[in-house]
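If you follow the hints, you should be able to join the two separate chains into one complex; please do so.
Residue numbers (the working numbering), protein chains in the order written: chain P, 1 to 110; chain X, 1 to 355.
It is worth saying that the hints were derived from the structure and are not from the lab.
Just so you know, not all the hints are guaranteed correct.
[What the hints assert, rightly or not] Here are some chain P residues pointing at chain X (derived, C-beta under 8 Å):
#1 Thr4
#2 Ser6
#3 Ser9
#4 Met11
#5 Gly12
#6 Asp19
#7 Ala22
#8 Arg23
#9 Met26
#10 Ser27
#11 His48
[Stated by the list, open to error] Below, computed lysine-lysine pairings styled on BS3-like, alpha-carbon distance capped at 27 Å:
#12 X:Lys233 <-> P:Lys86
#13 X:Lys124 <-> P:Lys100
#14 X:Lys273 <-> X:Lys234
Beta carbons: idealized from backbone N, C-alpha and C, even for Gly.
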Amino acid sequence: MACTHSLASGMGGVRTAGDLVARMEMSRSMKIEKAKEYVANKLKVSVHDLSDSTVMTRVREELGLGCVAQLPGRPKGIEAKFNIAKVLGIEINSVNKFKKKAGMFVPSTV
Amino acid sequence: MGKILQRFGDGYLHEMTDAELERDIEEGTKDAAKRAKVPPLSEDEIKHLFDIYSFPRRFVSVEPGNEVVLSHDGGTLKLNVGVSGGAGHGLDIGRRLCTEIYERLLGSDTMDFGHVDYSFKPAKNILADEQEDMEQTLLSTIIPIYYGAMPNLGAYTQPDGPFPNPMELLTEGKIEEAKAACEEIVEAATRDMVYIASGMYEAGADGVNFDTTGAFGDADFLAALQASEILRKKHPGIFIEMGMAGEFILGIHGGLTYDGVRLAGLYPHQQVKLAEKAGVNIFGPVVNTNTRRSCAWNMARVLTFVKPCVENAEIPVHPNMGMGVGGSPLTPIIAIDAVSRGSTAVVEIARADGL
Chain P
1 MACTHSLASG
11 MGGVRTAGDL
21 VARMEMSRSM
31 KIEKAKEYVA
41 NKLKVSVHDL
51 SDSTVMTRVR
61 EELGLGCVAQ
71 LPGRPKGIEA
81 KFNIAKVLGI
91 EINSVNKFKK
101 KAGMFVPSTV
Chain X
1 MGKILQRFGD
11 GYLHEMTDAE
21 LERDIEEGTK
31 DAAKRAKVPP
41 LSEDEIKHLF
51 DIYSFPRRFV
61 SVEPGNEVVL
71 SHDGGTLKLN
81 VGVSGGAGHG
91 LDIGRRLCTE
101 IYERLLGSDT
111 MDFGHVDYSF
121 KPAKNILADE
131 QEDMEQTLLS
141 TIIPIYYGAM
151 PNLGAYTQPD
161 GPFPNPMELL
171 TEGKIEEAKA
181 ACEEIVEAAT
191 RDMVYIASGM
201 YEAGADGVNF
211 DTTGAFGDAD
221 FLAALQASEI
231 LRKKHPGIFI
241 EMGMAGEFIL
251 GIHGGLTYDG
261 VRLAGLYPHQ
271 QVKLAEKAGV
281 NIFGPVVNTN
291 TRRSCAWNMA
301 RVLTFVKPCV
311 ENAEIPVHPN
321 MGMGVGGSPL
331 TPIIAIDAVS
341 RGSTAVVEIA
351 RADGL
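Just chain X, same shape as in the assembly (with noise of 0.2 Å):
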């Protein structure tokens, strides 16, 4: 039996052989279908997979005709510094050249144009120029820009904000002091995000994108879905895309509803029908990658929680699939081999509308 060579989530190549990676691709379909009480793959589907993962290649593509429109998180931000000092390529350059760049070199549809810390706090102080620099590239590039953030409900705790830390007060035994402040970091979180997408939209942006949605659980997911409502409401043309943290809504609080529907524990198939209900219209589900599994166990755990959501879907579904999530592996420079064959698989075989 011929051996080949898989690429892990924690970046290196190992050996297989045949049998292995589709024992592994049947795992992986098999836990994500436990755990989120959804169809796994089928076999068609399984064989599939296996062909793009066992394709003895570097590269791997979708077939002419199933190319789909990618959006970004960070975006601009990577030529330069990076998020938070990190990732980035240390180009001496603005956002609006970065952007330029993305449109005219590197084939972007789409761009996103967010403050260095990527998190809405910290851009409250600094709205006035980040409306000017988005002013101006408006001026000179074609392609669609949207500002994005991390709701970042932890940015609000204490010591770097004004609201006692649920985490540490969870670990005291105070629940009902945890839940309420939740409660209150969501409601200063979701004041903080509509007004910074609006001021960005008002400045000409077309929209605005609430990456690592849930990194909070169910506080942050809770804020981001009462910004969109408010900001549809507000501006019925803003285009307004969400993108998630994890595969899984953590029960921080444990009690936040939204339109009725408590969001604790629900997977993407679920969370996309709230995000429609708030007016979002893109979503991204993110599954997180296992580092000590195959790249191909991992995609089809992503298959098998994005699939259902595509297709419960009524807006497009563009999959996280960065460093680390989407069947990626955990390294800031990921290898071609791992990248192309993730977005192929998820692209034709979750359908899913883009990236």
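Next up, chain P with everything else stripped away, as it sits in the complex (with noise of 0.2 Å):
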């Protein structure tokens, strides 16, 4: 069932940019429309590339967003969440707990 809506209406995750707009909505409460402006301002690529996995698997490699096939020196799991928070200008809350626990600088609302 989640394949199927996943297929149907989904933006597709890490294929694509649907974890970046779903974190806008998740910590700015931002409806879908300026979600994906936002991602898509701070990506420099259009709306319409948002949901284009070959436009996005090139943008997600060269900024360091962790993407669908683990290449070998890129970054992954959390070392794409690094940049991904650095990229969209947003807090998440795993990558200020790993640098708590790593004795690196952490914002004040931690």
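What follows is the structure, given as structure tokens:
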């Protein structure tokens, strides 16, 4: 069922920019159109590109945002989330927790 | 007049004429409009819905550019054991691998991570285990992950819980005792939800999903609203999703209020405003499926309830679209013709922000 929804109306997660748009709905309560515009501006792509896996795989690789393929030497997992937080200009809880545990700089809100 | 196969709420296909399909859609929207006192679908919206349900292909999808993001309930549990032993795929894998599969194989935008019972109360004793599993999963994944569970206030009633069962008290005519039990259960459930959600947020989770809110009527809804309000103050950055149990808040207590609004009897377009006040980020309205009517009739009701909810909301709205809700048949494995049509209709006609 989840797969059918994903194919029928979903953005596609890390295949495209689905997780990034989701983060803006989740962190800033942005409605879908505003969330897409925000992410498109930050990535310097068109809103239409956000759901295009060809364009977004290249963009994600260039910006180190992680993607479906686990390429050697490229950011994965929490490493990619460090870059996502920076590119989108948002706080990601698990990234802040990582910084705190590793003795790195942590925003005062954590 | 040509006949077309239409999926019904019980999951089976039945032949219908074009006229019968159109009549079903009109009856569905009128039914919902009357109940919630909201406008029925317009002629253009009815035509759009008719086109989606009469399209003679197995699979229907949104037009490019109309894609939305998907949130989950139960999420990882559906690949291994299922929720309380139901609907699991039986894979011998943990939630971390489940999340990685959803992320890299199934194109999920987000993931819900919950205890096998999928209720807050039983998770209390194993919070440390839940936190450890969440921490490991967050290291190896990219998509947002939130802890999901149901308020499930029924779990607080005797013999499973400490409080008298308001349902039983009501049948005995003990109205005041039933109300008092409801109020005590709300207090205990609110405390548990805040405890678990705080613990998982402190473990690094993006937030929490209060799933199937309202299953125990107005008491359930009040507990989730209060927990959301407390969590928003305690952790300003926490993500909170609230998914509902049905289109209508049952008055188990009958007199409970939040922010001066009586909860019993509220429909989705009214529920969402209270969720916003409580600090919820994403609201998930639910419309239950009538198994004896066509999916098109059910979807006409869904759209009529959900469209004013989306229009009335300042936060994103993700209607629940699983088995037995959101115009989907009440079957464990839902036919793709039904899922894809419902998915398309709720995004393109109700303008949902996600599912």
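Each hint tested on the structure:
| no. | hint | result |
| --- | --- | --- |
| 1 | Thr4 | holds, 4 Å |
| 2 | Ser6 | holds, 5 Å |
| 3 | Ser9 | holds, 4 Å |
| 4 | Met11 | holds, 5 Å |
| 5 | Gly12 | holds, 4 Å |
| 6 | Asp19 | holds, 4 Å |
| 7 | Ala22 | holds, 4 Å |
| 8 | Arg23 | holds, 6 Å |
| 9 | Met26 | holds, 4 Å |
| 10 | Ser27 | holds, 7 Å |
| 11 | His48 | holds, 6 Å |
| 12 | X:Lys233 <-> P:Lys86 | holds, 25 Å |
| 13 | X:Lys124 <-> P:Lys100 | holds, 26 Å |
| 14 | X:Lys273 <-> X:Lys234 | holds, 21 Å |
In summary, the structure agrees with every hint in the numbered list given earlier.
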